[in-house]
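As you go down the protein sequences, you meet chains L and H in turn. For the first sequence, position 35 (counting from the first letter as 1) is numbered 35 according to this note's numbering, and the numbering increases by one without interruption. For the second sequence, position 530 (counting from the first letter as 1) is numbered 530 according to this note's numbering, and the numbering increases by one without interruption.
Heads up, some of the hints might be wrong.
As a list, the in silico BS3-like pairs of lysine-lysine whose alpha-carbon atoms are at most 25 Å apart [to be verified]: (1) H:K191 / H:K469; (2) H:K316 / H:K441; (3) H:K374 / L:K140; (4) H:K191 / H:K374; (5) L:K140 / H:K412; (6) L:K88 / H:K80; (7) L:K175 / H:K193; (8) L:K88 / L:K140; (9) H:K84 / L:K88; (10) H:K147 / H:K134; (11) H:K412 / L:K162; (12) H:K80 / L:K162; (13) L:K162 / L:K175; (14) H:K191 / L:K175; (15) H:K291 / H:K441; (16) L:K175 / H:K412; (17) H:K188 / L:K175; (18) H:K469 / H:K374.
What the hints contain is simulated information worked out from the structure, not anything from laboratory work.
Okay, here's what each chain looks like letter by letter:
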Amino acid sequence: MRTRREILQGLIVSIGGATALTACDGVANVFSTQLGSSTRFYTSAEYALVTRISDLIIPRTETPGALDANVPGYMDGLMTDWANSETKNAHRMALSQIKGELDRRARGNFLDASDSVAEQSLAAFDEEAFAEDGDASGYKRVKGYVSQSYFATEDGASEELKWVAVPGRWNPSVKISS
Amino acid sequence: MADFDAIVVGSGMSGGMSAKELTERGLKVLVLERGPEIVPERDYVDNLAPWESPNLDSVAQDEIAEHYPKQYGGVAYAIKESNKHFWVKDDEHPYEEAEGTSYDWLRGYHTGGRSIMWSRQVYRLSDLDFNANKTDGYGVDWPIRYKELEPWYEKVETFIGIAGSAEGLPQLPDSVFQPAFELTDAEKAIKTKVEMTFPERNIIAARVAHLTDATDEQRSLGRSNCQVRNRCHFGCSFKAYFSSLNATLPAAERTGNLTMVHNAIVSSIEYDAETNRVTGVRIVDAITNEKRLYTSKVIFLNASTIASAMILLQSKSEAFPTGLVNRSDQVGRNLMDHVSGAGAVGMISGFDNQKVFGRRPSGGIYIPRYANLKGQDKPYLRGFGFQGGSSPLGNAGGQIAGIGRDFKEAHKNPGPWRVNIGAFGEQLPNPENRVTLHSSKRDRWGNPLALLHVTYSENEHTMLEEASKDAVAMLEAAGCTNITANDVSLTKPGNRIHEMGSARMGHDPESSVLNSWCQAHDVPNLFITDGSFMTSAACQNPSLTYMAFSARAAHYAADLIAEGTL
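Build out the structure end to end from the sequences listed, making use of the hints.
What follows is the structure, given as structure tokens:
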């Protein structure tokens, strides 16, 4: 399995970028400067943000992560081919708000932040968003797109969720082994 | 010399059954279908994996606004990018709603009609239902009682296949069953507690038209047992759920007596006043606009409740100036549906160490009607049943807190168990609820648009308010937590896709259109066996009853032909 950094590098090379990456930190920012021309909906900056938060929300573990499954590309297609102008505008606005929140928490450009700072920033923002009095519907929606897109891919559905095409039988009571 | 012994207008739930029974009696039958042909091997999309459909299999939002505002607005859960070809485009098949009213006319125009998109719950009516109008005075009395229909239920059920459990409930007679989909442990626990608290209420397995122990006859039609994929809205390559496309039409076809013509939109029925017989059906080809006439000895109208009434209203003659067999002025009236919009959701603990295997199709539990069983004991007439189930919350679509490994892992766990129940209530017959021909607007084939005027009475509002309270009380009795019941908001008329009543049967030709055989009082070789004949709605899902009446009427018509009466 390729590393996350290799995936990002591969994506950049595939769109004509020649930048040699020397570290994971800042990778999304480099990525953002290269990718704009290949996306159909996202600007390069938006795509970089979606890429970074997708990776943080659903990282590669023993199973493929959001980047392995090309969730950012999936979402670019979703916004281009499915969303109407109202949804597109709302999505852009949400990404802008998310970027602002994450920059504030990262005390600088979130996309330049180290992995640990980026992870802490998003985790704190996520916790607030899902708190009882949380008010971050835009973020929740974006997170929903990330999650739904991931689990709609072959990596997410079959490797992570163990989706079975033809169960063939109904068992209403399966004990979960601890 | 007529072209055919019988013409069946419509190939859906009831049309398929009419065609099967008529052809098996040796009659040469023409089935007219207004939509295109569906070929399962080509048009079913049930074998697509999630990743084989782009954009979460969602129809583009602009496309919904342009083509599917009504259809999608009514059943968003069922219309996906991959199966949208099963649903009509509203802009191509428009209808009108009377000022101040709204109606969801949700349709599929193709082989098998809505039988390939239905939700497959099947329940018999009982004499509680056949006596209802006579008891409380709404509508006219049904000219038939349960005992007369019982053998036809058995015949149809044996053929279509129903998974369910025998319960011995008088208000919901048992069907011929194949093994039920077993309740989850949470559902069993709910059943125990609710039945203990409310002895007059029962929680049973939903009765669904899925094969779980296919018979030789069913296998001979290429059908096999349900594979528990819950891909039913996309067609079923296993032909495990009943549809006319999966079962009755193939059965009719193998007799060698079936002719099917697609893209044939019926504009009117020909009537001969001298013989007092209908003689043929005029159609316009949906593709070529060619007009044709097909003739037959008998005609079965199975175009669906609204469309069948429209065809009658469009078939005017000197003898029937307001529409064929409309001497009673009841054609198009008493349009009913079921009404939902009340229910409750809650969480149930104690099952977090459990999950399920398989994706059970079409519901889990059913709570049969318990209101007004032994007299009028509720502040409303008639009653309702609840449909619902309990299952793990599962993948929350990203709407749970957390990021990273923990968030990802959380999706592998089934999560807490949720319970939901929703009411399906009976709508009273009301002659002011009706479909008429629009005075000026026409479709692209020159036929008048339907003008729908349907509203709910105070009874439906009161019933659903009470259903909401009952739902909460039952979930409380079951020990649920976080119980929520949204404000009662009645579903739009038509939204349950159980429209019925537009050519009701009755004893008296002055106040009804059909007799107890679904035969027109005034024209003996015209039968209507789709939902139009329903004299009252009951609260049970009606397709099984349509098919039982269709089979019964088909044999009656075949008998009349055999003895030379028709």
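Hints, one by one, checked against the model:
The suggested pairing of H:K191 with H:K469 holds, with an alpha-carbon distance near 18 Å, which does not exceed 25 Å. In summary, the hint linking H:K316 to H:K441 is supported, as the alpha carbons are separated by about 18 Å, within the 25 Å threshold. A hinted pair counts as satisfied when its Cα atoms are at most 25 Å apart, and H:K374 with L:K140 does not qualify at roughly 51 Å. Simply put, H:K191 and H:K374 have alpha-carbon atoms about 22 Å apart, close enough for the 25 Å limit, and the pair holds.
Annotation: proposed proximity of L:K140 to H:K412 holds, straight-line Cα distance about 20 Å (limit 25 Å). Restraint check for L:K88 and H:K80: the C-alpha separation of about 20 Å stays at or below 25 Å, so the hint holds. Straight-line distance between C-alpha atoms of L:K175 and H:K193 comes to about 22 Å, which keeps the hinted pair within the 25 Å bound. The suggested pairing of L:K88 with L:K140 holds, with an alpha-carbon distance near 15 Å, which does not exceed 25 Å.
Proposed proximity of H:K84 and L:K88 is supported: the alpha carbons are some 23 Å apart, at most 25 Å. The suggested pairing of H:K147 with H:K134 holds, with an alpha-carbon distance near 17 Å, which does not exceed 25 Å. Between H:K412 and L:K162, the direct Cα distance comes to roughly 9 Å. Compliance with the 25 Å bound is thereby established for this hinted pair. Of the supplied pair hints, the one linking H:K80 and L:K162 holds, its CA atoms being roughly 23 Å apart against a limit of 25 Å.
Restraint check: the Cα-Cα separation between L:K162 and L:K175 comes to about 17 Å, which is no more than 25 Å; the hinted pair holds. With a CA separation close to 20 Å, the supplied pair H:K191 and L:K175 stays within the 25 Å bound. Only pairs whose Cα atoms come within 25 Å are accepted, and H:K291 paired with H:K441 is accepted, the gap being roughly 20 Å. Between L:K175 and H:K412 the CA atoms are separated by roughly 14 Å; this keeps the pair inside 25 Å, and the hint holds.
Between H:K188 and L:K175 the CA atoms are separated by roughly 16 Å; this keeps the pair inside 25 Å, and the hint holds. Annotation: proposed proximity of H:K469 to H:K374 holds, straight-line Cα distance about 21 Å (limit 25 Å).
The structure does not agree with numbered hint 3 stated previously, though it agrees with all others.
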